Amino acid sequence: MSWSMISDLLISAVRMATPLLFVALAELYSERAGLVNIGLDGIMAFGSLVGFLVCYWTGNPFLGVLCGALGGVLVNMVYAFCTVTLAGQQIVYGMALNIFAPALASFIYRVVFGVSSTLAQATLMKTISIPVLKDIPFLGKLLFDQTPMVYAVYLLVIVTMVYFNRTKSGLNYKAVGEYPKAAETMGINVIRTKYIACIICGFLAGMGGAYLTTCYVNTYSDGIVAGRGFIALAAVIFGRWSASGVLLACLLFGFFDALQLRLQVGTNLLPYQLLQMIPYLMTLIALTIFGSKIAGPKSKGKPYYREER
Amino acid sequence: MQKTKTLNILIPILSILLAFIIGMLIILLLGKNPVEAIGYLMKGAFGSKTNLANTVVRSMPLIFTGLCTCFAYRCGVFNLGGEGQFLAGSMAAITVTLLIGHEGWWVTIVAVLAGTIAGGFWGLLPGILKTWRGLNEMITTIMFNYVATLFMGFLYTTALREGSVPQTAPVPDATKIGRIISDLRITWGIVIAVVLGFAIWYFLFYTSKGFQLRAVGFNPIASSYNGLSVKKYMIAAFVVSGAVAGLGGAADILGTQFRLISGYGGGYGFDGVAIALIAQLHPLATVAVAYFFAVLRVGSTTMQVGTGVPTSVIDIIQALVIIFAVAGSSMLYLPKVKTFITNIFEKKEVK
Numbered sequence: 170m171s172w173s174m175i176s177d178l179l180i181s182a183v184r185m186a187t188p189l190l191f192v193a194l195a196e197l198y199s200e201r202a203g204l205v206n207i208g209l210d211g212i213m214a215f216g217s218l219v220g221f222l223v224c225y226w227t228g229n230p231f232l233g234v235l236c237g238a239l240g241g242v243l244v245n246m247v248y249a250f251c252t253v254t255l256a257g258q259q260i261v262y263g264m265a266l267n268i269f270a271p272a273l274a275s276f277i278y279r280v281v282f283g284v285s286s287t288l289a290q291a292t293l294m295k296t297i298s299i300p301v302l303k304d305i306p307f308l309g310k311l312l313f314d315q316t317p318m319v320y321a322v323y324l325l326v327i328v329t330m331v332y333f334n335r336t337k338s339g340l341n342y343k344a345v346g347e348y349p350k351a352a353e354t355m356g357i358n359v360i361r362t363k364y365i366a367c368i369i370c371g372f373l374a375g376m377g378g379a380y381l382t383t384c385y386v387n388t389y390s391d392g393i394v395a396g397r398g399f400i401a402l403a404a405v406i407f408g409r410w411s412a413s414g415v416l417l418a419c420l421l422f423g424f425f426d427a428l429q430l431r432l433q434v435g436t437n438l439l440p441y442q443l444l445q446m447i448p449y450l451m452t453l454i455a456l457t458i459f460g461s462k463i464a465g466p467k468s469k470g471k472p473y474y475r476e477e478r
Numbered sequence: 000m001q002k003t004k005t006l007n008i009l010i011p012i013l014s015i016l017l018a019f020i021i022g023m024l025i026i027l028l029l030g031k032n033p034v035e036a037i038g039y040l041m042k043g044a045f046g047s048k049t050n051l052a053n054t055v056v057r058s059m060p061l062i063f064t065g066l067c068t069c070f071a072y073r074c075g076v077f078n079l080g081g082e083g084q085f086l087a088g089s090m091a092a093i094t095v096t097l098l099i100g101h102e103g104w105w106v107t108i109v110a111v112l113a114g115t116i117a118g119g120f121w122g123l124l125p126g127i128l129k130t131w132r133g134l135n136e137m138i139t140t141i142m143f144n145y146v147a148t149l150f151m152g153f154l155y156t157t158a159l160r161e162g163s164v165p166q167t168a169p170v171p172d173a174t175k176i177g178r179i180i181s182d183l184r185i186t187w188g189i190v191i192a193v194v195l196g197f198a199i200w201y202f203l204f205y206t207s208k209g210f211q212l213r214a215v216g217f218n219p220i221a222s223s224y225n226g227l228s229v230k231k232y233m234i235a236a237f238v239v240s241g242a243v244a245g246l247g248g249a250a251d252i253l254g255t256q257f258r259l260i261s262g263y264g265g266g267y268g269f270d271g272v273a274i275a276l277i278a279q280l281h282p283l284a285t286v287a288v289a290y291f292f293a294v295l296r297v298g299s300t301t302m303q304v305g306t307g308v309p310t311s312v313i314d315i316i317q318a319l320v321i322i323f324a325v326a327g328s329s330m331l332y333l334p335k336v337k338t339f340i341t342n343i344f345e346k347k348e349v350k
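For the protein sequence lines, the chains are F and S, in the order given. If you count by our numbering, then the first sequence holds residues 170 to 478, one letter each, in order. If you count by our numbering, then the second sequence holds residues 0 to 350, one letter each, in order.
Please note that the accuracy of each hint is not assured.
Calculated lysine-lysine pairs in the BS3-like style (CA-CA distance at most 30 Å, straight line) [said to hold, decoys possible]:
#1 F:K471 to S:K31
#2 F:K469 to F:K337
#3 F:K350 to S:K31
#4 S:K31 to S:K4
#5 S:K48 to F:K467
#6 S:K48 to F:K471
#7 F:K337 to F:K350
#8 F:K469 to S:K231
#9 S:K335 to F:K350
#10 F:K343 to S:K231
These are calculated hints, taken from the structure and not from any lab test. Here the structure is a predicted model, which means the values were calculated and not measured.
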């Protein structure tokens with residue numbers, strides 16, 4: 170394998186890791202407030218459709234991403250209302266989102282383009298290279314010659330890191346996920362924090378979905394998300410509920426995704442379906458080796474009843 | 000106690016009605032006539048003997064995947080891997096059938112057994128990962144679903160491919176699971192499915208092992224203090240629920256589909272989860288809800304042809320039913336609502 174191939178592989182790894190990273194950060198914000206949301210796949214599917222449609226109509230991928238994110242918020246509000254206000258089971262509602270949102274997306278797509286449509290195509294987001302920095306050998310092309318979404322997500326990792334570890338508000342936020350009753354006694358509005366968490370989660374997961382249709386491929390098709398929401402869930406566990414850990418986990422999973430694509434093009438050793446298994450198998454292996462018995466936020470998954478003693 | 004039982008039946012029915020009203024509103028928003036659409040749906044499902052038979056045929060795999068989710072969740076494990084386990088069953092059944100090379104009823108039995116074992120094995124893997132490494136079964140079962148789907152792709156495009164079209168050879172006629180009535184497509188598979196539903200219901204609610212399994216699902220800590228081996232029950236729940244789905248896959252490939260092709264089995268797993276949740280994890284209700292969704296799915300194709308309303312409106316209705324049904328039941332646990340209900344019933348008793 171030559172030097173340029175390795176460089177290509179890493180660049181594509183960064184590209185594949187970006188949607189995962191958006192969605193994994195979405196889950197991180199959700200779980201830090203005690204809400205396990207397994208509906209990420211569904212939110213992504215809806216975000217990818219909205220992103221695609223807006224991009225198709227306006228020709229503006231940035232507007233597409235923004236609307237995809239807002240679409241994600243909208244869908245996640247169903248989850249927020251049912252799990253926070255009604256204190257329903259989080260897993261069940263996450264699952265309901267996984268069934269509801271892709272169905273809604275596929276329905277809207279068919280209504281817009283007709284039942285038997287030809288493939289509609291939209292414009293892709295262009296890469297913006299940062300002058301001077303992009304000329305650094307190897308690293309320049311890897312880090313500073315990407316779409317703005319890639320820069321945005323790395324900025325977001327840093328912001329998240331600082332927020333959860335260095336700010337009072339971030340610590341309060343974490344308290345809600347650890348022990349909501351104590352947080353409430355300290356004057357933190359638990360219900361409001363949980364709703365904010367759901368808004369952030371929906372926004373970021375919707376963005377991750379929109380990334381797929383505005384930066385990765387220029388069409389929408391059912392099943393485009395392909396389990397990325399669940400891989401992102403695994404990345405949160407693997408990254409031990411910290412922003413930096415999640416970053417590493419997503420880069421690793423992105424690398425395996427890029428690797429299987431590379432191997433499909435480059436070799437005829439194995440049938441392509443077996444190569445496509447690599448990201449899923451690696452997620453399983455990574456979790457088996459490193460993901461054991463780490464609990465994460467203490468109250469995650471549990472409903473919170475404000476009036477209950 | 001009687002009152003909560005009534006509510007438990009009432010809530011899903013109300014949810015279905017409410018979801019349908021919203022579904023009809025969506026159709027109305029499309030500028031189509033909802034009454035006409037429902038008419039086409041009914042005609043597609045019950046319009047003729049063949050259509051009616053099709054609803055029964057369509058319900059069979061859904062009953063199996065629904066029971067798969069239902070059984071596992073009763074033991075507190077959320078098995079989302081019904082799809083992978085179903086496919087494992089289909090793949091094992093057809094591979095064994097084609098490898099044996101003979102045909103006959105004994106091949107059918109061997110293939111069904113192989114499918115059941117393969118499904119159980121595909122359920123065992125996430126079971127081991129959960130009990131041994133503490134891994135979240137929702138993530139692992141989904142990953143195993145993708146692996147199974149991709150492996151199926153490998154089988155029909157490469158390993159077991161027949162001819163130029165990417166598909167496997169069909170199951171030989173003598174190995175197919177027989178039809179109950181010769182001119183309808185309904186096979187004995189549906190009988191197995193319904194009997195299995197009753198068997199699981201009996202096991203869960205009328206045997207001590209079933210009681211213990213539910214106890215583990217209800218409160219694993221209390222169960223382990225009572226000397227139950229929580230891990231053993233969880234593994235057993237995974238294996239049995241996987242085997243149920245695998246049996247379904249075998250029955251489907253040997254009775255209905257006959258060969259693996261692209262897109263085979265897609266969505267059965269999540270449909271099964273939806274069905275079990277709407278049925279409030281009751282095995283008999285699962286069978287009924289599975290039939291109900293089969294009716295919707297068969298009917299919606301006629302509806303799409305007749306009125307141009309996309310079939311995915313049915314998926315939306317299905318998801319809305321879950322959202323309403325579960326919201327309804329979780330509302331019952333809210334402290335305010337709890338007191339409200341007890342107050343109503345106490346007043347009635349005073350009268």
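Check whether the Cα positions of K337 (chain F) and K350 (chain F) lie no farther apart than 30 Å. holds, 18 Å
Hey, K471 (chain F) versus K31 (chain S), does the alpha-carbon distance stay inside 30 Å? The given pair, whose Cα atoms are some 43 Å apart, is violated under the 30 Å limit.
Is the hinted pair K335 (chain S) and K350 (chain F) satisfied, with a Cα-Cα distance of at most 30 Å? holds, 18 Å
Against the 30 Å threshold, does the CA-CA distance of K469 (chain F) and K337 (chain F) hold or violate the hint? Holds: K469 (chain F) and K337 (chain F) sit about 21 Å apart, inside 30 Å.
Is the straight-line distance between the alpha-carbon of K350 (chain F) and that of K31 (chain S) 30 Å or less? violated, 50 Å
Given the hint that K48 (chain S) pairs with K471 (chain F), test it: the Cα-Cα distance must not exceed 30 Å. Violated - the C-alpha atoms of K471 (chain F) and K48 (chain S) are around 49 Å apart, more than 30 Å.
Need the status of pair K31 (chain S), K4 (chain S): alpha-carbon distance at most 30 Å? violated, 39 Å
Checking one constraint from the list: CA of K469 (chain F) to CA of K231 (chain S), max 30 Å. Satisfied? holds, 25 Å
CA of K48 (chain S) to CA of K467 (chain F), is that 30 Å or under? violated, 56 Å
Checking one constraint from the list: CA of K343 (chain F) to CA of K231 (chain S), max 30 Å. Satisfied? violated, 35 Å
Checked against the numbered hints listed earlier, the structure breaks hints 1, 3, 4, 5, 6, 10; every other hint is satisfied.
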